[in-house]
Amino acid sequence: MIDHTKAVSAPVEHKGRKGFLPMETNLFDRISISVYIFVAICLLWLRFIEPLGPNVIYGALLCVLLGIFIVRKG
Amino acid sequence: MRSNRMGWGLLAPTLIILGIFGLLPFFYVIYVGFFDWNVFSAEVGRQFAGADNYRRLVFDEEFLGSVGRTLLFAFCVVTIEMILGFLLAQTLVRDFPGKAVFRTIYALPIMIAPIAVGATWKLLTIPGFGLLPYYLDKWFGIEYQLGSHSGQAFWTTVVMDVWHWTPFVTLTMLAGLTAIPKEPLEQAQVDGANRFQVLRFLTIPMMMPVIITTLFIRIMDALRVMDEVFLLTGGGPANATRYIGILIWRVVFPQTNYGYGSAMSLLVLYMTLVLAFLLFSVLSRVGKQNTSEK
Numbered sequence: 251m252i253d254h255t256k257a258v259s260a261p262v263e264h265k266g267r268k269g270f271l272p273m274e275t276n277l278f279d280r281i282s283i284s285v286y287i288f289v290a291i292c293l294l295w296l297r298f299i300e301p302l303g304p305n306v307i308y309g310a311l312l313c314v315l316l317g318i319f320i321v322r323k324g
Numbered sequence: 011m012r013s014n015r016m017g018w019g020l021l022a023p024t025l026i027i028l029g030i031f032g033l034l035p036f037f038y039v040i041y042v043g044f045f046d047w048n049v050f051s052a053e054v055g056r057q058f059a060g061a062d063n064y065r066r067l068v069f070d071e072e073f074l075g076s077v078g079r080t081l082l083f084a085f086c087v088v089t090i091e092m093i094l095g096f097l098l099a100q101t102l103v104r105d106f107p108g109k110a111v112f113r114t115i116y117a118l119p120i121m122i123a124p125i126a127v128g129a130t131w132k133l134l135t136i137p138g139f140g141l142l143p144y145y146l147d148k149w150f151g152i153e154y155q156l157g158s159h160s161g162q163a164f165w166t167t168v169v170m171d172v173w174h175w176t177p178f179v180t181l182t183m184l185a186g187l188t189a190i191p192k193e194p195l196e197q198a199q200v201d202g203a204n205r206f207q208v209l210r211f212l213t214i215p216m217m218m219p220v221i222i223t224t225l226f227i228r229i230m231d232a233l234r235v236m237d238e239v240f241l242l243t244g245g246g247p248a249n250a251t252r253y254i255g256i257l258i259w260r261v262v263f264p265q266t267n268y269g270y271g272s273a274m275s276l277l278v279l280y281m282t283l284v285l286a287f288l289l290f291s292v293l294s295r296v297g298k299q300n301t302s303e304k
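Chains as they are written, first to last, in this note's numbering: chain A, 251 to 324; chain B, 11 to 304.
None of these hints come from the bench; they were simulated from the model.
Keep in mind it's a predicted model, so treat the numbers as computed, not measured.
No residue lacks a Cβ here, since even glycine has one placed at the ideal position from N, Cα and C.
Keep in mind that a hint or two might mislead.
Unchecked claim - Derived coverage of chain B by chain A (criterion: at least 3 residues anywhere in the stretch with Cβ under 8 Å from a Cβ of chain A; other residues may be distant): (1) 59–66; (2) 155–161.
What the hints assert, rightly or not - Each pair of labels, with its calculated beta carbon distance range: (3) K268(A) with T114(B): 43 to 53 Å; (4) L195(B) with P272(A): 50 to 60 Å; (5) I122(B) with N305(A): 43 to 53 Å; (6) A189(B) with R322(A): 35 to 45 Å; (7) L28(B) with G303(A): 25 to 35 Å; (8) T114(B) with G269(A): 49 to 59 Å; (9) I26(B) with V321(A): 53 to 63 Å.
Model the full structure from these sequences, guided by the hints.
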């Protein structure tokens, strides 16, 4: 028998947490933020740093490390 | 363990359609963005170019200029539409004679295809033939030249977009206004709150989800505006109304530079996502602050 007196809620879990980022985030949020930062840094690197010498691949590596940090601690 | 086979089975058609028509082209655009692919170039087919398209993009004055113009256009139209739409929704929520007729006539621009909107405004603004140049000259002494005055061309595209999309904002706001419960508003009035206080501390916070959703839809639309502006001005005079959508069209179709066009499209998508994310973060925080203040 189904108990109709019980409150019904959608089986969706929001596993948000608060890290060093200024808001509560779940895994998807942190991955999105990492991707946004990755693209922004790579474009800025191409525009301002690469003409001085260092290849954009170093910027990309830096962004990957930063992304891992954000996903873990953000 | 509970089996979700039935659920996944019901979801499968939607997921397959989403995958084929949504995700596949998206990943293909990312892929093509790393190639030099021009059907009229000396090299046949795609040549892998690494980050060259993006390297070219960040120094491309035409692209950066059109990004700036598109952002300015989006800011102008979205601000005007949101304010006008909200005020008109406040008016339309009350009863007055002929309300149903007015609401229907008012909603007509949304039903018109953008290309027809562009054609209509083109007819309205042709110098020596259109109504707009004629009356602007007759009533205000303004010489209106869409084809040679960049400021006039820009503001005409803004007015055209506002005319086209304000009814949409009004309708969504109206839906939000009619859905909010009346009891808190009446209680606040009984407690002595004036109309501005009711609007500031009750109506707007309760309508925040509708406002955020409408704002996102309009920002996304405004950033990829193309057809109506293309028909009205063709991106001119010079490049005064060459918004990013028109520039991408020029690069991809007449110039057949698919790789570079894909890189541009991706950057526009990125811009839209970041703007939406930032706005959502800020507005959600404002909404939470308002709730906690109460």
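A quick look at each hint next to the structure:
1. 59–66: As far as the region 59–66 of chain B goes, the hint holds, because 3 residues have Cβ atoms under 8 Å from chain A.
2. 155–161: violated (count 0)
3. K268(A) with T114(B): 43 to 53 Å: holds, 49 Å
4. L195(B) with P272(A): 50 to 60 Å: Hint violated: Cβ distance 33 Å, outside 50 to 60 Å.
5. I122(B) with N305(A): 43 to 53 Å: holds, 51 Å
6. A189(B) with R322(A): 35 to 45 Å: Given range 35 to 45 Å: holds, Cβ gap about 41 Å.
7. L28(B) with G303(A): 25 to 35 Å: Taking Cβ atoms as reference, L28(B) and G303(A) lie about 44 Å apart, which means the hint is violated.
8. T114(B) with G269(A): 49 to 59 Å: holds, 51 Å
9. I26(B) with V321(A): 53 to 63 Å: Because 29 Å falls outside the window, the suggested range is violated.
Checked against the numbered hints above, the structure breaks hints 2, 4, 7, 9 and satisfies the rest.
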